[in-house]
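**Q** Listed below, chain by chain, are the residues.
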Amino acid sequence: MDKILITICLCFVFIGCMDVTKVAPKVDTLGLQQNIALLEQGRDIYINRCTKCHNAVRITRYPIKQWQDKILPEMILESRLSPAQSKAVTAYVLAVLLSNQK
Amino acid sequence: MQKGIRIIFRYLLSVVLLLIVLSPKDAFATSRSTPWLYETRTMIKGEVEYEQWITWKTNKKSDSRFEEFRFRHEIEWGVTDEFQLAFYVADWRHKRTSSEEHTYFHDIAVEAIYQLQAPNPDQMGVALYGEVRYGSEFFELEGKLLFELELDQVNLLYNFVIEAEWEGQDFDEDKGKIENAFAVTYQPTPSTTLGLQVIWEVEFPDWSEQGDDVVYIGPSISTQSDGWWIAVSPLFQVTNVDSEPDLQVRLLFGIDF
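Sequences listed follow chains A and B, in order. Using the numbering used here, read the first sequence as starting at 14 and increasing by one per residue. Using the numbering used here, read the second sequence as starting at 25 and increasing by one per residue.
Certain hints may be false.
Stated by the list, open to error - Keeping only pairs whose Cα atoms sit at most 27 Å apart, straight-line, the calculated DSSO-like set for lysine-lysine is:
(1) A:Lys83 <-> A:Lys35
(2) B:Lys168 <-> A:Lys100
(3) B:Lys168 <-> A:Lys65
(4) A:Lys65 <-> B:Lys69
To be verified - Chain B residues, not near chain A, derived (Cβ > 10 Å throughout):
(5) Tyr74
(6) Phe93
(7) Trp101
(8) Phe163
(9) Phe195
(10) Asp196
(11) Asp198
(12) Asp236
(13) Asp237
(14) Pro258
Rather than coming from a laboratory, the hints here were simulated on the basis of the structure. Cβ coordinates follow ideal geometry from the N, Cα and C atoms, glycine included.
With the hints as extra help, turn the sequences into a complete structure.
**A** In structure tokens form, the structure reads like this:
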């Protein structure tokens with residue numbers, strides 16, 4: 014029983030060390046001055062539409078090429094996003110990735 | 025044991041073959057990451073899924089011959105993006121004890137889940153769950169409060185469960201159960217989830233006095249692909265209640281239509 018309790022405590026310590034703000038950073042933390050409304054809309058779609066089926070994936074977990082060539086096209090199709098919504102979510106994801114490279 | 029396993033394999037093979045034939049190839053499954061707890065995500069409007077439950081219970085100290093297989097056939101339907109209904113077409117069991125061995129129909133059931141708040145990085149997921157089960161000399165009401173915290177690749181789940189059950193010819197044998205279930209899940213890849221769950225059950229025979237506390241702990245693993253998913257988890261009793269099985273294993277799989 015003691016081992017189980019220690020394992021559970023370690024799980025909570027591990028979770029406590031996670032930084033959730035990096036999963037889908039807020040637009041005002043990206044240091045951008047243009048297209049703020051579009052990026053806000055993109056983030057809103059990212060955290061509300063994508064999470065209908067699965068966890069919001071930390072954007073920086075995958076390279077930009079994988080987002081552009083595979084993840085975004087597949088997920089946009091799966092979520093049946095409109096062209097305007099697709100543009101917004103793509104802009105937000107790319108903004109996060111580019112901001113992370115700075 | 026041998027006979028029970030043969031029954032399981034024959035049954036599983038028939039169900040899987042039937043579903044493979046019927047299932048469209050481009051469907052996207054809404055998976056469960058742990059077989060013992062519910063998440064707060066509900067199905068997308070119009071989505072339909074078949075879910076197969078198989079639970080094996082064994083190793084009861086009070087009866088060395090005890091063994092039970094439980095089967096549930098569930099059809100889930102997304103009524104809206106926040107509300108889903110499920111119909112359990114037939115729940116049946118194969119049970120062996122020191123005095124008998126038989127296979128029997130147990131109940132049918134209806135379940136509803138309403139999502140109050142979706143889980144995402146900005147907020148905790150919250151949902152309400154209700155289930156009604158009816159069978160021969162058996163009636164049960166079950167309510168759950170579901171909570172889910174999403175932390176990147178880790179999710180924390182908590183289910184508070186309250187059950188009221190009536191059995192017997194006149195439904196005069198009643199009992200209640202309160203359950204607290206916790207799980208931590210980790211997604212090493214988007215299609216695979218590993219988990220650890222703790223379930224604490226307390227029974228109230230006749231609702232008059234508290235029965236034994238039983239605590240189960242166990243790992244889980246689930247995987248999903250286009251149109252299907254599967255989850256399996258053993259639970260081990262860490263208390264010493266002789267009348268409850270020491271080991272329970274549950275396997276769930278779902279196929280989208």
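**Q** Hint by hint, say whether it matches the structure.
**A** Taking the hints in turn, this is what the structure says about them:
no.	hint	in the structure
1	A:Lys83 <-> A:Lys35	holds (22 Å)
2	B:Lys168 <-> A:Lys100	violated (39 Å)
3	B:Lys168 <-> A:Lys65	holds (21 Å)
4	A:Lys65 <-> B:Lys69	holds (11 Å)
5	Tyr74	holds (18 Å)
6	Phe93	holds (27 Å)
7	Trp101	holds (16 Å)
8	Phe163	holds (35 Å)
9	Phe195	holds (39 Å)
10	Asp196	holds (38 Å)
11	Asp198	holds (33 Å)
12	Asp236	holds (16 Å)
13	Asp237	holds (13 Å)
14	Pro258	holds (14 Å)
The structure shown violates just one earlier hint, number 2.
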